[in-house]
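Note that the protein sequences, when read in sequence, are chains A and B. As numbered in my numbering, residues 1 to 371 make up the first sequence, in order. As numbered in my numbering, residues 1 to 306 make up the second sequence, in order.
It is possible that some hints are incorrect.
Cut-off 30 Å, straight-line C-alpha distance, at most; resulting in silico cross-link-like pairs (DSBU-like, lysine-lysine) [unchecked claim]:
id, chain 1, residue 1, chain 2, residue 2
1, A, 202, B, 76
2, B, 84, A, 202
3, A, 216, A, 2
4, A, 2, B, 109
5, A, 216, B, 84
6, A, 202, A, 2
7, A, 2, B, 132
8, A, 2, B, 169
9, A, 252, A, 332
10, B, 132, A, 9
11, B, 230, B, 243
12, B, 116, B, 132
13, B, 84, B, 132
14, A, 332, A, 172
15, A, 9, B, 116
16, B, 84, A, 2
17, A, 216, B, 76
18, A, 216, B, 116
19, B, 76, A, 9
20, B, 230, B, 169
21, A, 9, B, 169
22, B, 116, B, 76
23, B, 84, B, 25
24, B, 25, B, 76
25, B, 274, A, 202
26, B, 274, B, 243
27, B, 84, B, 169
28, A, 2, B, 76
29, A, 9, B, 109
30, B, 109, A, 216
None of these hints come from the bench; they were simulated from the model. Computed from a predicted structure; not experimentally measured.
Chain residues, written in single-letter form:
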Amino acid sequence: MKEFLASVKKEFRHIFRDRRTVLIVMIMPVIQIILFGFAVSTEVNRVRVMVCGDMSDISVMRITDRIDNNRYLEIAGTLSNPGEIEDVFRRNEADVAVCFGMDFGRESVSPSGNARVRIIGDGSDPNTARMTVSYVAGVIQQEQQDISTSLAGEKRPSMAPVVQLMYNPAMKSSYNFVPGVMGLILMLICSMMTAVSIVREKETGTLELLLVSPVKPVWVILSKLMPYLVLSAVNFASILLLSHYVMEVPVKGSLILLSAAALVFVITSLAIGILVSVISSSQRTAMLICGMGLTMPTMIFSGIIFPCESMPEVLQWFSDIIPAKWFIIMVKKIMIQGGGLAAVAREMSILTGMAVVLLAASIRSFRTRLQ
Amino acid sequence: MAAIEIRNISKSYRDIRAVQDISLKVDEGEIFGLIGPDGAGKTTLFRIMTTLMLADSGSGEICGHDIVRDYYGIRKIIGYMPGKFSLYQDLSVRENLEFFATLFGTTIKDNYDNIKEIYSQIEPFRDRRAGKLSGGMKQKLALCCALVHRPSVLFLDEPTTGVDAVSRKDFWTMLRRIRSSGVTIFVSTPYMDEAALCDRLALIQNGGIIGSGTPEEIVSAYPYRILAVKGPSMYPLLKALRKIDGTVSCFSFGDCHHVAYDPARTCREAILGKAAEEGFADCSAEEISPGIEDCFMQLSGKWILN
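Extracted from the complex, chain A is given alone in its bound form (with noise of 0.2 Å):
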């Protein structure tokens, strides 16, 4: 026990004297919130809009007041003519152009209905065309719902879908990547440090004393995985306090079950890391399977960027394999959708399943020899 203690004493020595790794462990997981919390957002925000058509139309200014009003969209400035519009977007003066047709005012209300309206979007970024189109499309809709009750004095009956977001009525993407960067930072802390801490003692040698002296080789392992694990509970704990009061995501669930979960996904990667240093010689090497064995498929196929499941057949058995995919999810249920212990069960077993077999193969496959 005392020697298990001397082992970990020094491990945190490692730790805090290596001032890169302080940084890596302590401030990444902040920055990577921030960044993803502000700068990667995928919301539409202070859309410009740029209006072409008949100025003193009333039903055109009508139109255009309501945009302006809009707490996402706001008028750049407005055109005369159509062909201008090409520049607007090529100086990046506008996101979005909105055109009206000869005598829109008097088409809007006649019964002939032949009012046109041409929406324009940016297309060279699809995803935020596609977003704003639709945003401006909305407001002229509730226009023309607007005329329609005004015509006939009544509402009319129509089909109008009232569109609602549980859990997530504004569609912040902070719901989506809070539970993602968790994940990944987690797993990275676990698995990549863990690996590199015990490369690093093959690569110096000083692995070769560990060995010869009578110290069990589980004693080993265990006490440099005892660090990792503490420093990913304060991981933990800062990610969701960030997020908690900056991002302003709720944790709707049991922060004990949240914990437990994070517990199991942390050991799961702990043992990832052991796997990792098992089969690395060099420091380089572990750090390039983590990066490349690890946080890319984490990334791509754990759900955070891309669901699962649009992917073919075969990437989504693939991706049933990723440990952080069930524990994404897992967050997503407990956090967001305030799921209990019966909602997670099913994951939750995979996953205690999963840092079972790694723990054990991972114990089994440190040696207690060099090669």
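Following the hints, position chain B against chain A.
What follows is chain B alone, placed relative to chain A:
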């Protein structure tokens, strides 16, 4: 009971044969030297004996513990200092020593008298990080760490490589003192001049033992006689000496050439005379007794025969 006994140990890395059929016996309380150039297989042999590696074939015991089956027992009673400085560079001198003491279930305090002599030399720097120590001090710290748990057998893999001449001498003095406390020391070195300081030694070359015994035994088994020849232009002289009939070999040894000759076929005067005929008139030649290096050259078969 022998402190170390290994029989017919062989080990290959893929198709490279690192160690071939080595058998050694080291008695308790002696300094046993393993002498050989880089790449001879010394480190591999160390790793096999310290249970870090499994031999492909062969068997052995350290203080009666089998090197394969009872590796755990061996790890309790040996101290090992690898060839590369292998302590934690980011930990201080004291933290390193404390860590290794705890690892072996002991404390610095309990064994202070065992390491006092060496540790007192680095104690003024006990709060300095190990990575910032000079080569000689690193070596002393590594030795302290290997000794702190009172091992019965001490394995030192090239402890003096990269250490200056004065520190090397100090180091051997320390080894003699450690031996006097009853510890068996198995040490390897590429320096032939350190061979004479061992109680017994084995010469290793290309993974095989080419000679073993006390330094005296090895030297007395040398079959030829040696002349130390000095002259004005050394390199042409070396080539000329090699051509002389009756010389078995000639190598440059610092400021003179060691000419090995067969006393049955030639003598000092004859060699000097032949050299004078070749134009090296003002050579001096001195009859010397062979050193370990001369023996190594002869045993390793690095001869230019004529």
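Do the hints match the structure? See the list:
Using a Cα cut-off of 30 Å, the hinted pair residue 202/A and residue 76/B holds, with the two alpha carbons roughly 21 Å apart. In summary, the hint linking residue 84/B to residue 202/A is supported, as the alpha carbons are separated by about 12 Å, within the 30 Å threshold. Proximity of residue 216/A to residue 2/A is assessed by CA-CA distance (about 13 Å); at most 30 Å being required, the pair is judged to hold. For the suggested pair residue 2/A and residue 109/B, the alpha carbons sit about 16 Å apart, so the restraint of at most 30 Å is met.
The suggested pairing of residue 216/A with residue 84/B holds, with an alpha-carbon distance near 23 Å, which does not exceed 30 Å. Of the pairs offered as hints, the one joining residue 202/A and residue 2/A holds, with about 23 Å between alpha carbons and a cut-off of 30 Å not exceeded. Note on residue 2/A and residue 132/B: the hinted pairing holds, with a Cα-Cα distance of about 28 Å set against a maximum of 30 Å. Between residue 2/A and residue 169/B the alpha-carbon distance is near 38 Å, which puts this suggested pair outside the 30 Å criterion.
Annotation: proposed proximity of residue 252/A to residue 332/A holds, straight-line Cα distance about 10 Å (limit 30 Å). A distance of roughly 21 Å separates the Cα atoms of residue 132/B and residue 9/A; the hinted pair therefore holds under the 30 Å criterion. At roughly 16 Å between alpha-carbon atoms, residue 230/B and residue 243/B fall within 30 Å of each other, so this suggested pair holds. The hinted pair formed by residue 116/B and residue 132/B meets the criterion: a straight-line CA distance of about 22 Å does not exceed 30 Å.
Taking the CA atoms of residue 84/B and residue 132/B, the gap is near 16 Å; set against the 30 Å cutoff, the hint holds. Among the hinted pairs, residue 332/A with residue 172/A is consistent with the structure: their alpha-carbon atoms are about 13 Å apart, no more than 30 Å. With a C-alpha separation of about 25 Å, the suggested pair residue 9/A and residue 116/B falls inside the 30 Å cut-off, and the hint holds. At most 30 Å may separate the alpha-carbon atoms for a hinted pair to count; residue 84/B and residue 2/A meet this at roughly 28 Å.
About 11 Å separates the Cα atoms of residue 216/A and residue 76/B, which keeps this hinted pair within 30 Å; it holds. Proximity of residue 216/A to residue 116/B is assessed by CA-CA distance (about 29 Å); at most 30 Å being required, the pair is judged to hold. With a C-alpha separation of about 22 Å, the suggested pair residue 76/B and residue 9/A falls inside the 30 Å cut-off, and the hint holds. Pair hint residue 230/B plus residue 169/B holds up; C-alpha atoms about 28 Å apart against a cutoff of 30 Å.
Proximity of residue 9/A to residue 169/B is assessed by CA-CA distance (about 37 Å); at most 30 Å being required, the pair is judged violated. With a CA separation close to 21 Å, the supplied pair residue 116/B and residue 76/B stays within the 30 Å bound. With a CA separation close to 26 Å, the supplied pair residue 84/B and residue 25/B stays within the 30 Å bound. With a C-alpha separation of about 21 Å, the suggested pair residue 25/B and residue 76/B falls inside the 30 Å cut-off, and the hint holds.
Taken as a hint, the residue 274/B and residue 202/A pair is broken in the structure, with Cα atoms around 58 Å apart against an allowance of 30 Å. In summary, the hint linking residue 274/B to residue 243/B is supported, as the alpha carbons are separated by about 10 Å, within the 30 Å threshold. Distance check on the hinted pair: residue 84/B and residue 169/B sit about 20 Å apart at the alpha-carbon level, within 30 Å; holds. This hinted pair checks out: residue 2/A and residue 76/B have alpha carbons roughly 16 Å apart, not beyond 30 Å.
At roughly 19 Å between alpha-carbon atoms, residue 9/A and residue 109/B fall within 30 Å of each other, so this suggested pair holds. The straight-line distance between the Cα atoms of residue 109/B and residue 216/A is roughly 24 Å, inside the 30 Å bound, and the hint therefore holds.
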